[in-house]
Amino acid sequence: MGILARTSTLMRAKMNRLLDRAENPSETLDVAYDKQIEMLRNVKRGVVEMVSTKRRLQLQAGKVQDNISKLDVQARKAMGMGREDMARLALERKQHANTELQDLDQQISGLELEQEKLTKAEQRLQAKVQAFRTKKEIIKAQYKAAQAQVRIGSALSGISEEMGDITLSVERAEDKTEALRAKSGAIDELAEAGVLNLEIDGKDDISRELDKLSANSEVESELAALKASASEKKSLPEGQS
Amino acid sequence: MIVRILTEGQYRLPGSFIDQLNEIDNKIVGVVEQENEAEFRKLLSEMLDLVRNNSNEVGMDELVESDIVLPEPDITLIEAEELFTGEGIVPD
Numbered sequence: 001m002g003i004l005a006r007t008s009t010l011m012r013a014k015m016n017r018l019l020d021r022a023e024n025p026s027e028t029l030d031v032a033y034d035k036q037i038e039m040l041r042n043v044k045r046g047v048v049e050m051v052s053t054k055r056r057l058q059l060q061a062g063k064v065q066d067n068i069s070k071l072d073v074q075a076r077k078a079m080g081m082g083r084e085d086m087a088r089l090a091l092e093r094k095q096h097a098n099t100e101l102q103d104l105d106q107q108i109s110g111l112e113l114e115q116e117k118l119t120k121a122e123q124r125l126q127a128k129v130q131a132f133r134t135k136k137e138i139i140k141a142q143y144k145a146a147q148a149q150v151r152i153g154s155a156l157s158g159i160s161e162e163m164g165d166i167t168l169s170v171e172r173a174e175d176k177t178e179a180l181r182a183k184s185g186a187i188d189e190l191a192e193a194g195v196l197n198l199e200i201d202g203k204d205d206i207s208r209e210l211d212k213l214s215a216n217s218e219v220e221s222e223l224a225a226l227k228a229s230a231s232e233k234k235s236l237p238e239g240q241s
Numbered sequence: 001m002i003v004r005i006l007t008e009g010q011y012r013l014p015g016s017f018i019d020q021l022n023e024i025d026n027k028i029v030g031v032v033e034q035e036n037e038a039e040f041r042k043l044l045s046e047m048l049d050l051v052r053n054n055s056n057e058v059g060m061d062e063l064v065e066s067d068i069v070l071p072e073p074d075i076t077l078i079e080a081e082e083l084f085t086g087e088g089i090v091p092d
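Protein chains in written order, with the numbering used here: chain A, 1 to 241; chain B, 1 to 92.
Quick caveat, the hints were computed from the structure, so don't treat them as lab data.
Hints are supplied without guarantee of correctness; some may be wrong.
[Unchecked claim] Only part of the chain A face toward chain B is listed, based on derived beta-carbon distances under 7 Å:
1. ILE3
2. ARG6
3. THR7
4. SER8
5. ARG124
6. ALA127
7. ALA131
8. ILE159
9. GLU161
10. ASP165
11. LEU168
12. SER169
[Claimed, not checked] Derived DSS-like pairs: lysine-lysine, alpha-carbon spacing no greater than 27 Å straight-line:
13. LYS176/A / LYS42/B
14. LYS176/A / LYS44/A
15. LYS94/A / LYS77/A
16. LYS212/A / LYS227/A
17. LYS135/A / LYS44/A
18. LYS135/A / LYS14/A
19. LYS63/A / LYS176/A
20. LYS120/A / LYS42/B
21. LYS117/A / LYS42/B
Beta carbons are placed, not taken as given, at the ideal position from N, Cα and C, and that holds for glycine.
Using the sequences and the hints, build the whole thing.
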């Protein structure tokens, strides 16, 4: 059996699970319609979830971008103070943040693509559900005619196949959104732990070190000034000490 | 005949393409066995494009059952393997 036959079998299995026929054909149609409406709601919810996950990732990307700029400034500042080790540390972190940002950007565009697909699927289902609603009323009106059974069959299997396919689309979209949400949560945790060099108490370790350095250099320069004035005194005419 | 590409939609494809589809299908069975990811991707898009490029899309408000169902475009080799080992077909 090839992949075509396997996929078709998979589809039929999904369809049969959706199609539970009631004794009364008009009841079957109404139950099927209720299911379609419920599914449409699920798809819409899926799209909303994707949008919110995307926003969250975009927010994180923004933060990482800010971080990159900050680390860049820090690296320059450290270098200006002659602290190559600190500059190196800042640049290493910048490199790491850059990778993180690329990763996030890739995920965001992947999610956008997925969202577009699911939105299209939603529109398709919406149109089909509407068509089914019209058809089911016609079939119900003609119920006594001999053709009714056949019509129910084809309309139902047509819509059930669509629903089976949508189920698959929603499952895939949910899996992807879930994976990204987990990833996004992990980034938040790392940020909280300070691993992603986001600020702790408003300042990160590099900033603190740089502050200490500039405080030190102020002390040094004042000290130097004191020394200078002291030696000036020393060089005054002798005999006064 | 009506062909569905999973997660994408339905197409009306002339029946004369069935042989070409089957031919690619047979090759896919081989590359999935060999776990050849690159060749799998190539054949899969070849198959999907054959349908997309030679058919008309089924109207949004049409309710028809498909004669053939093709896998979703982003199916992975692993998922295809599962499909072949039967794990994908067992209902939940």
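We went through each hint and held it up to the structure:
For ILE3/A, the interface hint holds, the least distance from its beta-carbon to any beta-carbon of chain B being 5 Å, beneath 7 Å. Look at ARG6/A: its Cβ gets to within about 5 Å of chain B, closer than 7 Å, so that hint holds up. Hint on THR7/A holds. Least Cβ distance to chain B is approximately 5 Å, under the 7 Å limit. Interface hint at SER8/A: satisfied, since its Cβ lies 4 Å from the closest Cβ of chain B, which is below the 7 Å cut-off.
The interface hint given for ARG124/A is met, as the beta carbon of that residue sits about 5 Å from the closest beta carbon of chain B, less than 7 Å. The beta carbon of ALA127/A comes within 4 Å of a beta carbon in chain B, closer than 7 Å, and the hint placing it at the interface holds. Taken as an interface hint, ALA131/A checks out: its beta carbon lies about 4 Å from the nearest beta carbon of chain B, inside 7 Å. With a least beta-carbon distance of about 5 Å to chain B, the hint placing ILE159/A at the interface is held under the 7 Å criterion.
This hint holds: GLU161/A has a C-beta 6 Å from the nearest C-beta of chain B, less than the 7 Å allowed. The restraint placing ASP165/A at the interface with chain B holds, with a minimum CB-CB distance near 6 Å, inside the 7 Å limit. With a cut of 7 Å, the hint placing LEU168/A at the interface with chain B holds, because the nearest CB-to-CB distance is about 6 Å. About 4 Å separates the beta-carbon of SER169/A from the nearest beta-carbon of chain B, less than 7 Å, and the hint is met.
Annotation: proposed proximity of LYS176/A to LYS42/B holds, straight-line Cα distance about 23 Å (limit 27 Å). Only pairs whose Cα atoms come within 27 Å are accepted, and LYS176/A paired with LYS44/A is accepted, the gap being roughly 16 Å. Between LYS94/A and LYS77/A the alpha-carbon distance is near 14 Å, which keeps this suggested pair within the 27 Å criterion. With a C-alpha separation of about 22 Å, the suggested pairing of LYS212/A with LYS227/A holds against the 27 Å cut-off.
Of the pairs offered as hints, the one joining LYS135/A and LYS44/A holds, with about 24 Å between alpha carbons and a cut-off of 27 Å not exceeded. With a C-alpha separation of about 23 Å, the suggested pairing of LYS135/A with LYS14/A holds against the 27 Å cut-off. For the given pair, LYS63/A sits about 23 Å from LYS176/A by alpha-carbon distance, which is consistent with the 27 Å threshold. Distance restraint check for LYS120/A and LYS42/B: the Cα-Cα separation of roughly 25 Å lies within the 27 Å cut-off, and the hinted pair is therefore satisfied.
A distance of roughly 22 Å separates the Cα atoms of LYS117/A and LYS42/B; the hinted pair therefore holds under the 27 Å criterion.
Checked against the numbered hints above, the structure breaks none of them.
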